[in-house]
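Asks: Please take these sequences and the hints and turn them into a complete structure.
Sequence order for the protein chains is A and B.
Plus 70 on top of the position in the first sequence (first one is 1) and you've got my numbering.
Plus 101 on top of the position in the second sequence (first one is 1) and you've got my numbering.
Quick caveat, the hints were computed from the structure, so don't treat them as lab data.
Any given hint could turn out to be false.
[Claimed, not checked] Beta-carbon label-pair distances, calculated as ranges:
| id | chain 1 | residue 1 | chain 2 | residue 2 | range |
| --- | --- | --- | --- | --- | --- |
| 1 | A | Glu154 | B | Gly141 | 49 to 59 Å |
| 2 | B | Asp115 | A | Arg109 | 55 to 65 Å |
| 3 | A | Phe255 | B | Asp117 | 34 to 44 Å |
| 4 | A | Leu243 | B | Ile119 | 37 to 47 Å |
| 5 | B | Asp117 | A | Leu243 | 44 to 54 Å |
| 6 | B | Val159 | A | Leu322 | 33 to 43 Å |
These numbers come from a predicted model, not from an experiment.
Glycine included, C-beta positions come from ideal geometry on N, C-alpha and C.
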Amino acid sequence: MYLQRATGRHLCAGHLAEEVEGRVRETMAADGMPPRGSRVAVALSGGKDSTVLLSLLHGIARESGGLDLVAITVDEGIAGYREETLRAATATAARFGVPHRTGSFADLFGETLDRVVEGQEHRACSLCGVLRRKALTILARDEGADCIATGHNLDDEAQSVLMNWLRGDQDRLLRDPLQPGQGGFLPRFKPLREIPEKEVALYGVIAGLFSPMPECPYRHTALRGEARAMLNAMEQRFPGTLERVVQGQRTLARGAAGGIPAPVGSCARCGDPASDHLCQACRLLDGRSFRPVRHR
Amino acid sequence: MRVELPDGSVRTLDADGIPVEEVLARLGVNPVEVIVTRNGSLVPEDAVAAGDDEIRLVRISHGG
Numbered sequence: 071m072y073l074q075r076a077t078g079r080h081l082c083a084g085h086l087a088e089e090v091e092g093r094v095r096e097t098m099a100a101d102g103m104p105p106r107g108s109r110v111a112v113a114l115s116g117g118k119d120s121t122v123l124l125s126l127l128h129g130i131a132r133e134s135g136g137l138d139l140v141a142i143t144v145d146e147g148i149a150g151y152r153e154e155t156l157r158a159a160t161a162t163a164a165r166f167g168v169p170h171r172t173g174s175f176a177d178l179f180g181e182t183l184d185r186v187v188e189g190q191e192h193r194a195c196s197l198c199g200v201l202r203r204k205a206l207t208i209l210a211r212d213e214g215a216d217c218i219a220t221g222h223n224l225d226d227e228a229q230s231v232l233m234n235w236l237r238g239d240q241d242r243l244l245r246d247p248l249q250p251g252q253g254g255f256l257p258r259f260k261p262l263r264e265i266p267e268k269e270v271a272l273y274g275v276i277a278g279l280f281s282p283m284p285e286c287p288y289r290h291t292a293l294r295g296e297a298r299a300m301l302n303a304m305e306q307r308f309p310g311t312l313e314r315v316v317q318g319q320r321t322l323a324r325g326a327a328g329g330i331p332a333p334v335g336s337c338a339r340c341g342d343p344a345s346d347h348l349c350q351a352c353r354l355l356d357g358r359s360f361r362p363v364r365h366r
Numbered sequence: 102m103r104v105e106l107p108d109g110s111v112r113t114l115d116a117d118g119i120p121v122e123e124v125l126a127r128l129g130v131n132p133v134e135v136i137v138t139r140n141g142s143l144v145p146e147d148a149v150a151a152g153d154d155e156i157r158l159v160r161i162s163h164g165g
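Replies: Next comes the structure, spelled out in structure tokens:
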């Protein structure tokens, strides 16, 4: 039922599922994550990737007994979109019997994303990313998690590399993405990072995990959409492009002399690691009705 | 053949015995971005579609 274009192999449903599960385990083993006995906060948006992620980690936790999972969902406050995915996230956590914590931008920061981006919708995606990352960290720490698992897939990783090139962000290009946790941030790992998005979607269909979900209304504003279109066009003509883009950046980062060090200061407002006086999230919300949460 | 597009609209193609990938090409759709069913079953893009088949394209929705 599936042609794996990069290798030319045809896979039936059973073999695709086996291969996805096997590659996820290999990725986790290669990254040394999570350490045995960890409490893992699983970022669960309710979309296809995080739903598949929770399903896979639940299966691994059940077999190994050495993982303690808690699902975390962040409600950014995007009208007409997040309500439905929240319901899906709640149903998924319940299906796997995983404790589920939700938190909203409004509760954590005093603002919904819709309010934050008013007048600057073209920045919605990047603003959302900064604040969502902060929200995940706050909630995961509150739940006593040792690390955070996110559902980024191979396509996401390749898009991020291309976006960093397009932005001229040499810091990010030369930073080894597989470095262990930076400073005070909770370590993150991405078990699906080597799985193409299409295979994640097919795995979810095979496993009966989900129905089609709405798409974020801000997706058209994002540079990521352009990067996705470029990379998908290249992947169609030159199968394996996504994987080579990601591997290439990894090799570059490891070859760079020492790489780029992580931020070493602390945010004056919330105490999180920051390369400046304020962390990205606090800088973004500066002057708004932000309620900082100190972690130390 | 009857083809349901990701947005729910339906196109009828006058074709028989062509690879699904060619169906996608005629519609301007990248196989990397969609899942395809033929008469309700998932198929790879090198599967052959017949004139009386019902093809459905589901876009792989973004955001995880």
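Asks: Next, verify each hint and record whether it holds.
Replies: Do the hints match the structure? See the list:
1. A:Glu154 <-> B:Gly141: 49 to 59 Å: At 25 Å between Cβs, range violated.
2. B:Asp115 <-> A:Arg109: 55 to 65 Å: holds (59 Å)
3. A:Phe255 <-> B:Asp117: 34 to 44 Å: violated (57 Å)
4. A:Leu243 <-> B:Ile119: 37 to 47 Å: With Cβ atoms ~43 Å apart, the hint holds.
5. B:Asp117 <-> A:Leu243: 44 to 54 Å: Holds, at about 49 Å.
6. B:Val159 <-> A:Leu322: 33 to 43 Å: 36 Å Cβ-Cβ, so the 33 to 43 Å window holds.
Checked against the numbered hints listed earlier, the structure breaks hints 1, 3; every other hint is satisfied.
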